[in-house]
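Protein sequence lines, in the order shown, are assigned to chains A and B. Residue 116 in numbering that gives the first Met the number 0 is what sits at position 117 of the first sequence, and the numbering runs on without skipping anything. Residue 48 in numbering that gives the first Met the number 0 is what sits at position 49 of the second sequence, and the numbering runs on without skipping anything.
Calculated from the structure, these hints are not laboratory results. Everything numeric in this text was worked out from a predicted model, so none of it was measured. Note that CB positions come from ideal geometry on N, CA and C, so glycine has one too. Among the hints, erroneous ones may be present.
Unchecked claim - Straight-line Cα separation of at most 20 Å, EDC-like style, residue types lysine to aspartate or glutamate; simulated pairs:
1. Lys223/B / Glu155/B
2. Lys160/A / Asp120/B
3. Lys186/A / Asp120/B
4. Lys157/A / Asp165/B
5. Lys186/A / Asp83/B
6. Lys95/A / Asp58/A
7. Lys28/B / Glu188/A
8. Lys157/A / Asp34/B
9. Lys200/A / Asp268/B
10. Lys167/A / Asp83/B
11. Lys160/A / Asp268/B
12. Lys21/A / Asp11/A
13. Lys157/A / Asp120/B
14. Lys200/A / Asp83/B
15. Lys129/B / Glu188/A
16. Lys223/B / Asp165/B
17. Lys186/A / Glu118/B
18. Lys200/A / Asp120/B
19. Lys160/A / Asp34/B
20. Lys167/A / Glu155/B
21. Lys223/B / Glu254/B
22. Lys129/B / Glu190/A
Stated by the list, open to error - A short list of chain B residues far from chain A (calculated; beta carbon distances all over 12 Å):
23. Phe39
24. Gln64
25. Asp68
26. Ser98
27. Ser127
28. Asp134
29. Asp138
30. Glu140
31. Val166
Here is what each chain is made of, one letter per residue.
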Amino acid sequence: MFMKHFFFFVLDVVNTINKLLKKCTLRLTPDKLYFILPDQVSNGGVSMWCELKQANFFDEYQMDGVSSEHNEIYMEIIAENIVRALKSAHNAKSMKIKLTKKQTPCLTVEIELPSINSSSRLVTHDIPVSVIPRRLWDEYQEPTMPEFHVSICMPPLKTLKNIAERMKNLSTYLTLSANQEGDMVMKVETELVTVATRFSKLI
Amino acid sequence: MVLLTQNEEERYAFNANMNNARNLSHILKAIHFKDTATVFVTENGMKVTVEDAKCIQANAFIQAQVFQDYIIREDSITFCINLDILQECLSIFGSNPPSVTAMRMMYNGYGTPLVITLEEDGAVTGCSIKTQEPDQTLDFEFSAANVINKVIMKAECLKEAFNELDVTSEVLQITMSPDHPFFRLSTFGTLGQSHHDIPNTSDMVEFFECNQTQSNRYRLSLLKPSVKAVNLATKVCVRMDHRGFLSLQYMIKNENGQICFVEYYCCPDEELENNDNQF
């Protein structure tokens, strides 16, 4: 079943993943859903670990993992396919997601949409997924947090986004610096211009 | 980037601030069709000029009253600056209402950078933009005394016409006359001729004084940027002088309700200039 904020939240998460990498791993456990982008450190790039409590989003949630000992499912999905399916759920009355076996394993998304008369329309998306065998699960472990030198509370993300977008038009590289007094500076510097934004009291 | 102390700020040859950076960036949008602009600052205010092909010139006037503080320590200051960069800096926090960015602009004279500080919600941005040797700007020698035809109209009616111009036409022909068709915009594109008339009796026209029939052609690609100005304006004044030079003056209101002017000058296209009436 379906709660509205799940939809927008997950759509945002998946849209972001879609911009970074085509594929991502979805891990299901009895309590949680995880969106995992594996460690890209060796190739340069982004890795991501997103953990969501299923109870916050679903009215009903049932799963049977690979075995009773390892009651989890890992599957690889193409982000764009989920984005497309969720787009049609915009005005949905309800939504069901199931793991099914069609010609290949699929994440089947059943969306109940309102229609002009009192009956509902049902839209079904079958998203092919590849189930990840248990022997590969070790590759998807939660990354350990390295010891950090500086920790700050980010300023409003919308402000950061606006600034980053403008700075992107001025230079390819951005310098980010922060200290333990809660100051953070975003700076770009080229032959023609230097722009630096300072935030303070970010502790 | 360090915030300047009170004393340091006082040393600047030009030091002005604005409560809302959009009151400047909004006007500059109306003339932003090239990446370089020449800035002239006097005690009366700031003029920003953009030119192209020695045939078209756009000027934006921001009077001293639009600024909250305005201090200039020389008779006049001139410099050239990259307008793309200036606009990015003025909009650094995003430039959509209701957010308001306060801005201070400082310049210390020849060869120094233009320094701008912007502030919104406690975050402070400092910018230092390299200035360049001021180019000689064209003097179109357009004077009110030589104006033959003049029409003032609400910007809406010109907006529609300008936005729909046939871009396959190399020229825009403007006809102004005491008789029919009074005011006509004509294009000659691959699909045919197109005319857009605004009669002197239209309720969009606020002032109509045409003494002689004039019909001149201007290169459309050069006038196209003035569409930016028409889209932001409330009123437009179209004037043609004895040489067929065109002056388009746009009245633009800022968020404080203050009026700023943007003026485009364009010379007629000599190659295609002819006296046949293409009615």
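Consistency of the hints with the structure:
no. : hint                : verdict
1   : Lys223/B / Glu155/B : holds (16 Å)
2   : Lys160/A / Asp120/B : holds (15 Å)
3   : Lys186/A / Asp120/B : holds (18 Å)
4   : Lys157/A / Asp165/B : violated (40 Å)
5   : Lys186/A / Asp83/B  : holds (18 Å)
6   : Lys95/A / Asp58/A   : holds (10 Å)
7   : Lys28/B / Glu188/A  : violated (24 Å)
8   : Lys157/A / Asp34/B  : violated (28 Å)
9   : Lys200/A / Asp268/B : violated (60 Å)
10  : Lys167/A / Asp83/B  : holds (13 Å)
11  : Lys160/A / Asp268/B : violated (45 Å)
12  : Lys21/A / Asp11/A   : holds (15 Å)
13  : Lys157/A / Asp120/B : holds (12 Å)
14  : Lys200/A / Asp83/B  : violated (32 Å)
15  : Lys129/B / Glu188/A : holds (11 Å)
16  : Lys223/B / Asp165/B : holds (11 Å)
17  : Lys186/A / Glu118/B : holds (15 Å)
18  : Lys200/A / Asp120/B : holds (12 Å)
19  : Lys160/A / Asp34/B  : violated (25 Å)
20  : Lys167/A / Glu155/B : violated (35 Å)
21  : Lys223/B / Glu254/B : violated (26 Å)
22  : Lys129/B / Glu190/A : holds (8 Å)
23  : Phe39               : holds (21 Å)
24  : Gln64               : holds (28 Å)
25  : Asp68               : holds (22 Å)
26  : Ser98               : violated (9 Å)
27  : Ser127              : violated (5 Å)
28  : Asp134              : holds (17 Å)
29  : Asp138              : holds (28 Å)
30  : Glu140              : holds (33 Å)
31  : Val166              : holds (26 Å)
Going through the hint list in order, the structure does not satisfy hints 4, 7, 8, 9, 11, 14, 19, 20, 21, 26 and 27.
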